[in-house]
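Assemble chain X onto chain A, guided by the hints.
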Amino acid sequence: MSKTLYDKLVDAHMVCDLPDGDMLVYVDFHIMNEYTSPQAFSGLDQKGLKVWRPEAHLSVVDHVNATRQRDPHDEASKLLIDNLENNCKRHNIAFYGLGDPRQGIEHVVVPEQGLVAPGMLIACGDSHTTTYGAYGALGFGIGTSEVEHVLATQTLRYKRLKTMLVNVEGDLAPGVTAKDIIMKVVQVVGAGGANGYAVEFAGSAIRDQDMSGRMTICNMAVELGARAALIAADEKSMAKVQGRAHSGTIDFGGTEWRSDEGAAHDQTFDITAAEIAPLVSWGTSPDQSVPIDGLVPTAGDTATPKAKAALERALDYMGLAAGQSVQDITIDSAFIGSCTNSRIEDLRAAAAVLKGNKVAAGVNAIVVPGSTYTRLQAENEGIDKVFIDAGFDWRPESGCSMCLAMNDDIAMDGERIASSTNRNFEGRQGRGARTHLMSPAMVAAAAVKGRLADVREFQNEGTE
Amino acid sequence: MPDQVNGLMAAFPQPNVDTDVIMPKRFLITITREGLADGTLADLRFDEENNKRPEFVLNQPPWTEASILVVGDNFGCGSSREHAVWGLMQLGIRGVIGTGFAGIFYDNARKNGLALPIVSTRVRDDLLRIARDPEAGDCTIDITNRQITVGSQHHLFDMDDATRAALLEGRDDTLDSLKLAQSIRAYETKLTEKMRVNVIQ
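Sequence lines, in order, name chains A and X.
If you're matching positions, the first sequence starts at 289 in my numbering and goes up one per residue.
If you're matching positions, the second sequence starts at 625 in my numbering and goes up one per residue.
Just so you know, not all the hints are guaranteed correct.
As the list claims (entries may be wrong) - Each computed SDA-like pair below joins lysine to any residue, with the alpha-carbon atoms no more than 25 Å apart:
id, chain 1, residue 1, chain 2, residue 2
1, A, K335, X, R770
2, A, K673, A, D459
3, A, K646, A, D616
4, X, K676, A, A551
5, A, K447, X, Y811
6, X, K803, X, D784
7, A, K366, A, G331
8, A, K447, X, L682
9, A, K291, A, G331
10, A, K594, X, I742
11, A, K338, X, T654
12, X, K803, A, L306
13, A, K447, X, E658
14, A, K366, A, R390
15, A, K673, A, N652
16, A, K335, A, H379
17, X, K814, A, D701
18, X, K814, A, E343
19, A, K524, A, G478
20, A, K338, X, D800
21, X, K803, A, D701
22, X, K676, X, M713
23, A, K450, X, R770
24, X, K803, A, D310
25, A, K596, X, L682
26, X, K803, X, G775
27, A, K594, A, E457
28, A, K366, A, G387
29, A, K450, A, K596
30, A, K338, X, E658
31, A, K366, X, G659
32, A, K643, A, D604
33, A, K596, X, V743
34, A, K524, A, Q615
Calculated from the structure, these hints are not laboratory results.
Just chain A, with the same shape it has in the complex (with noise of 0.2 Å):
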């Protein structure tokens, strides 16, 4: 009978079946961050127990650091810092903190290390985990007491989810990148629609994607509500995996982890790659998103008073007027980073648009690689000075910074970033804040215009 890759993933980590339809599935990988880890350490502590193998697992510094400087900006913030430090020194977990060439966000971090390849279930105590099914691995987020539940057993108590298919089919239209594809997604599908469900990517337009690309869809698909993001293995993520501090010490097998011909998906969704766009979001929900060279919605575009309800308190809240040109939006700040887009590739396509190009008078742009490797790499291809050159505060340190406002960017009340983020939530970027999400280089076209602009109109266009 025909499997999905979901299904087989799942079967290869099921360690045996538990009471009531849950089964216990053994975990391959697990990352760490400081915010979600310490109650998991205390809960182990509390109850007298040791790391099942602690190898398997591997801790850094990414969401309350500071990116200005390598000191933490606070007491808080060094307290959550050197709180991770003890609990790995404690149970020999090796911990790649602040100073650490190694060191960056987390989902930057472990392909860089060579730490994902197919075929790999990989949990971590962070929403964006499903980044790793642009490899063909399992990966997904984990509230912290299943952080407790994998350090004292390498296991998780799990339920098998619905499997959906999105098909992107095509070409894609020039300026049209990753981030638009998995922007129309969650447009599409809407934010919960993929609520109990693996999500599998497949179609030309994926595969024609780099494994840079096939990370922004699968880091976004918990957008949707996706538990789980898969694209099948193929050469590309094969080669990825090569040259790498890890590279050779992990095998879970190759291009077997696909979908068999004919697998059955509980639901499906056809999407024509031409017709995507480049699309910023106007509201409060990463569903909420036009076309660049459309209009804000009005209420008259929706169905039910529900609806027309959640499309005003997203108006209010962003400060915007409906029926409004959505390139008349000015900004007060460019935000480039996050696991979404702040690898390389993100950091040549947005400096493509910037070269030549000066930030607009006012708007307070940032840029922070999503890693010091990715940082030192930009360094040398000389992006940084591309950055600096156009008018961007090209962050020494890596980590999540403004994507979630957790370190010491913070935007104000009212403050309107133009970012390459994943979440334009009430408050997420700061109590107030309003973002629109875009792609890089949509976010380094709007801080040139000083609004949101369309990165079809700059001659160097950046492409991922």
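Chain X only, in chain A's frame:
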């Protein structure tokens, strides 16, 4: 965990309430599970000067005493932070009734004994109407029989068997799974050398 949750329902119909809204990040800089009640839904409950927002349902009597929320679609989406569930519990919330929840939030709730009954849109909208009536009286979420009772109304709800059992038993999953250590070791014997990840320190 008792097999029932009893209490007043509050209507909180906003869709896509994410865990950033449930627990804003400024309350996350902590290494304990405690002290999160004040942070829960803080930007909706309090204004910039930390005064209560009178328009928010949990600031209005009788719903200041509510222990059950009736919520909009896709409640708990976004970040994996379990702090959102800890905070709701510390605020006195014991049940959240909705049409569907984000996966990580759902699992976090199960680990902490927060009941999340799933009902149809029609039933949820009915319950929202009832919850807005200050005279409605208490609601009962009967976990054993998967039934919500309020006044003369009874509604069956969805809850998967494993979540229901976990809530009723109130067990510690970590300790419970360690009883299966032998099965875990048996699985590990099948792993090749290169399937045993060994992270460089």
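So which of those numbered hints doesn't the model satisfy?
-> 1, 2, 4, 8, 9, 13, 17, 19, 21, 26, 27, 29, 32, 34
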